[in-house]
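Asks: Starting from the structure of chain A, add chain E where the hints point.
2 protein chains.
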Amino acid sequence: SAVQLLNLNPMYLAKYAHTYKKFGFDSQWLIVLYREWASYSNFYKYQPISLIRKYFGEKIGLYFAWLGLYTQMLIFAAIVGVLVFLYGCITVDDDIPSMEICDKRNNITMCPLCDKSCSYWKLTMACGTARASHLFDSTATVLFSIFMALWAAMFMESWKRRQMRLNYMWDLTNFEEEEVSNEYFAALHAKAAKLTWRDRMPAYMTFIFLMTFAILFGVIIYRVTTQASLQMSSMPSIRANVRLTVKSTAVIINVVVILILDEVYSKIARWLTILEVPKTDKSFEQRLILKTFILKFLNAFSPIFYIAFIRGKTANTASSYGVLFKQSFSPQCAHTGCLMELCIQLSITMLGKQLIQNNLFEIGIPKLKKLIRRIKTKRAPVQEEQDDKDLKRYEADFFLEPFVSLNPEYMEMIIQFGFVTLFVASFPLAPLFALLNNVIEIRLDAKKFVAELRRPVAARAKDIGIWYNLLRGISKAAIIVNAFVIAFTSDFIPRLVYQYGYSPDGTMHGFINHTLSYFNVSHFQAETHPLQPLHLGYKVEVCRYKDYRMAPWSFNPYDISKVYWAILAGRLAFVIIFQNVVMLLSDFVDWVIPDIPKEIITRIYEEKMQMVEFFMREEHSLYSMPMLDNQDENRPTPQLRRS
Amino acid sequence: SAVQLLNLNPMYLAKYAHTYKKFGFDSQWLIVLYREWASYSNFYKYQPISLIRKYFGEKIGLYFAWLGLYTQMLIFAAIVGVLVFLYGCITVDDDIPSMEICDKRNNITMCPLCDKSCSYWKLTMACGTARASHLFDSTATVLFSIFMALWAAMFMESWKRRQMRLNYMWDLTNFEEEEVSNEYFAALHAKAAKLTWRDRMPAYMTFIFLMTFAILFGVIIYRVTTQASLQMSSMPSIRANVRLTVKSTAVIINVVVILILDEVYSKIARWLTILEVPKTDKSFEQRLILKTFILKFLNAFSPIFYIAFIRGKTANTASSYGVLFKQSFSPQCAHTGCLMELCIQLSITMLGKQLIQNNLFEIGIPKLKKLIRRIKTKRAPVQEEQDDKDLKRYEADFFLEPFVSLNPEYMEMIIQFGFVTLFVASFPLAPLFALLNNVIEIRLDAKKFVAELRRPVAARAKDIGIWYNLLRGISKAAIIVNAFVIAFTSDFIPRLVYQYGYSPDGTMHGFINHTLSYFNVSHFQAETHPLQPLHLGYKVEVCRYKDYRMAPWSFNPYDISKVYWAILAGRLAFVIIFQNVVMLLSDFVDWVIPDIPKEIITRIYEEKMQMVEFFMREEHSLYSMPMLDNQDENRPTPQLRRS
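Quick note, the sequences are listed as chains A and E, same order. FYI, full-length UniProt numbering numbers position 12 of the first sequence as 12, with every residue one higher than the one before it. FYI, full-length UniProt numbering numbers position 477 of the second sequence as 477, with every residue one higher than the one before it.
Hints were generated in silico from the structure; no laboratory data involved. It cannot be assumed that every hint is accurate.
As a list, the in silico DSS-like pairs of lysine-lysine whose alpha-carbon atoms are at most 30 Å apart [unchecked claim]: (1) Lys160(A) x Lys45(A); (2) Lys160(E) x Lys598(A); (3) Lys59(E) x Lys598(A).
Derived contacts from chain A toward chain E, CB cut-off under 7 Å, selection only [to be verified]: (4) Lys562; (5) Trp565; (6) Ala566; (7) Ala569; (8) Leu572; (9) Ala573; (10) Val575; (11) Ile576; (12) Ile577.
Think of the CB as a built atom: it goes at the ideal place given N, C-alpha and C, for glycine as much as any other residue.
The shape of chain A in the complex, shown without the other chains:
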């Protein structure tokens, strides 16, 4: 019983049983689960996985085992992430580039960041962002990215082992899932005789269109909101502290749009999967999960990818200064690269998604639905409590939400895993946020399963299925994404190249000056002149902008300089080295940690031997019994396959 399973005092049940009178047949399990698992005060304890499996079945047991292991592994990642952040905090005063930006003696006049409405500005204005950037963009970040890639590999391996151990404990080693054909779809198949690839074409085409839409819409929403906030914040009438509010508001609007679209995409994915008419329930689920995942992933990450890899790059190669560059307004990141913006976007999206989806959607909506259900039955709320006591278990259960599927829970976690691994180079605190969320999430889900939902039909499962492949895909993608973030979004490579290739004294002094090109104000195109050229109080003749281009007085003015190509080569070389080294290390981790724990192999082998021995004895005792001789011919011979 549950009491034995958890080594509880038998008095325990007696103590609490009277408070849960209404629970019928399974009350014993449910009371224990409610008190020992679904309570926030147990957040530091391991989950009673065997008990969860006994009550809810293997499939849900595996989900909570997986969530538990993931949360447990996040502790290491969070600690290292915080250390990396602290390293940034400690070394911020020694960072020469941000010192140079903040130094008022340098007195560098920068070119306007947009056409007309923006004006010239002093580089010292970027001091705050430069110092903040350093917190997330120190050398430790590179090491942290490598660590996180290995962490992901370790996590995958640990899960394989844990799963194998659970399989053994739950006697699933020989269990094989059967393909259950879906009645509804089977009927459709029978009608349509044979569904060819061409019949499914519309569904596929719609999906591809949707993917493009998801990417574009995410980016457009981001651009519209930031552009509005930029234009507002560039108005001189708005004070500096209000500007930050405007920017944050833009990101929050962005998050809200993402959340709304998330729900829309879920519905569309389901509709499209039905259009495809899959043959079995398993195939239906897999197709649905894959579609939903792709759409939700693009929805959550397309603005982030845009900030990391496209924004700022277009500004570099085709900025709005001068006759040579035809393009008009193109959004630019602050001086110290797009890393800070990426960081803000990541943290707000991640926090917003977690807070709103957890609290609002997971707690609020079920409660709301429950309320609606009660109202529909039109009972007076005064009578309600009395009613509850008199209700039978199945009657009380009617007011609970029906259990639909585990997929939304997994989906949420997989997207979170994406936040933790994909852009970890630009936001080392992501594992900490994820950890804090998951500690609550486990108990929240537990509460939901124990108290908010009708008891689901127990289902057997050997593994977490397609989710494992998605995790593996994300952790593979994380390696290359992080390589690109470090190489192209952060200033790591330009710094290295400057220090070892161009610095006169081998230090970082002069780096800021090296990254800025010159622009002659008289080369502005007719329409792009700043409206307030005297904003800074003096007449500007030459301003600076962040790019590696030739000076106006050189042979090829505003042409891309040699340094640009050298740094590009350096960035690309870094991507190749980083990717291959980290892949090699991940493969090494994969190879060193065996998939099946050694003790399990031995135990399975021993049991097999016992089994063989037992059958041998059985056979022997059978055939050595003379009185059975005459019946031998009626019984099938134990030769199953050819001898």
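Replies: Quick look at chain E alone, frame taken from chain A:
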């Protein structure tokens, strides 16, 4: 019997039996194997794998099944390789760069290729090599590299499926290998009580030293031989056609050294593995294989890696022209990149290794050993034949070589797989050579097993073990190596960059001129002047060399130019794109092809169900028999694990 297995005419045996009188017990199998398998005339037929397995055991059966599949898959690769080569042959006359090199009107004077003894030369002299290079370095080569990466992935997947099918056919699905502890080492372990990592330190250190030695020695041998041949061929007294002979001789010497070292390394690897005192026979074999593989791999490939990635690069970045470059002699490849040299080295090493190892070592040495054994027994050769007829089977077998292990056979094939996949971008004919070799190799090995070696003790095995991992490792490495060969050794990227970035009319016209920098002869350092400056018949003032550097009359003479960095960035970008695209495609192939054939899954499932059903019936019939009731308590209950 064998006759039934192969659907042979029963008269078949009677016909041949008298010629093989001396074979005793197993003669029937052996005759069939000898005639149907170990004969060159069967080269186009599938091997009788089931028969091989019956006679030699699963382990050897798997080797020949693997070799058969590999050879079969090589057919596709060879055909595509030949097509790529033919494409090169057809388009050689349309190749603008080689036309420009061969065009005498261009009249470009090149700088000497080495100090003092070399002199100025005309670019038209490189015409032959330029045209030959094109055969192996057309656009088709890039596609062929992608094809071969996918081919390797397909091969691995096909083998997994074939292996699974054989496992099912040979009833190995439930077979598990037992760890047999080696008596000799077990005794040692008992003596040494506990062997720590520190005790094995000397063995590990020696191995690391050996690895370095293998790399360096390979490269040094290559450099010494080529340098000697270069100096000889640069003497004016030697005629042009002799030069090629000198060069080829150098490569052949190289191959002979590689072959001798191969044998030495085998011995050393065995000695080192014994030093490590592994616990079980399996662990001994795995450690031995890994060591031997690493040493032999380095031995075979270090000169090739050197040519592909180091030679020519040192010449580019620090060549011997002028005061700016301090380094003296550094070997340079011919004008059209090192690809041609790489190609020659690859083909001769591959052919040489195959011809010499196959013919000399595999046929010659066993025959020699047999002869020595006969001489040792001091029988007169006249009497021999008569003796042979009277001998019993075990007596006749004594004159055969004992079977040692399959490892040398596998090793040879794995190294060949390396030649086929690693540098396929520079030598598309490698699969063809490998195919021709393997067609012979299968029958040669068959002959050896049937007629030259004592019958090995049959061993069971489920898979080909560590060899699969080595194959996988090579095919993964092949992706990145090919990416680098295309990007850095061939002229593919410089051509692309020129065509789309610098060409005035978007064609390849002017490419050769673009790749050549200028050198003012008066800038030669004192000691490096060519000894025969008037060799071409006129006084040279400015010569050209292959590099992207500034002209002597520019602001920074001989400084690396912007084009150099742009091309470097292009090369690196190509590596990233190629590697990731090909990895993605390989993973896709891996994902699309299921590891276990569907029919086998169904059959295993059905058999399992039959088994369960059978035991159920058995149980039922047992317990339903009343006369057995009194004996039930004596028999073990069928509860093996907890209910």
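Asks: For each hint, tell me whether it holds in the structure or not.
Replies: So, going through the hints one by one against the coordinates:
Restraint check for lysine 160(A) and lysine 45(A): satisfied, since their Cα atoms lie roughly 22 Å apart, inside the 30 Å limit. With a C-alpha separation of about 24 Å, the suggested pair lysine 160(E) and lysine 598(A) falls inside the 30 Å cut-off, and the hint holds. At roughly 25 Å between alpha-carbon atoms, lysine 59(E) and lysine 598(A) fall within 30 Å of each other, so this suggested pair holds. For lysine 562(A), the shortest C-beta to C-beta distance to chain E is roughly 4 Å, which falls under 7 Å, so the interface hint holds.
Here the hint on tryptophan 565(A) is kept, as its CB sits about 3 Å from the closest CB of chain E, short of 7 Å. Restraint check, alanine 566(A) versus chain E: the minimum CB separation of about 5 Å is within 7 Å; hint holds. Using the Cβ-Cβ criterion of 7 Å, the hint placing alanine 569(A) at the interface with chain E is satisfied: the shortest such distance is roughly 4 Å. Annotation: interface hint on leucine 572(A) holds; nearest CB of chain E at approximately 3 Å, less than 7 Å.
Against a cut-off of 7 Å between C-beta atoms, the interface hint on alanine 573(A) holds, since the closest Cβ of chain E lies about 5 Å away. With its C-beta approaching chain E no nearer than about 6 Å, valine 575(A) sits inside the 7 Å limit, and its interface hint holds. The interface hint given for isoleucine 576(A) is met, as the beta carbon of that residue sits about 6 Å from the closest beta carbon of chain E, less than 7 Å. At its closest, the beta carbon of isoleucine 577(A) sits 10 Å from a beta carbon of chain E; the interface hint therefore is violated under the 7 Å criterion.
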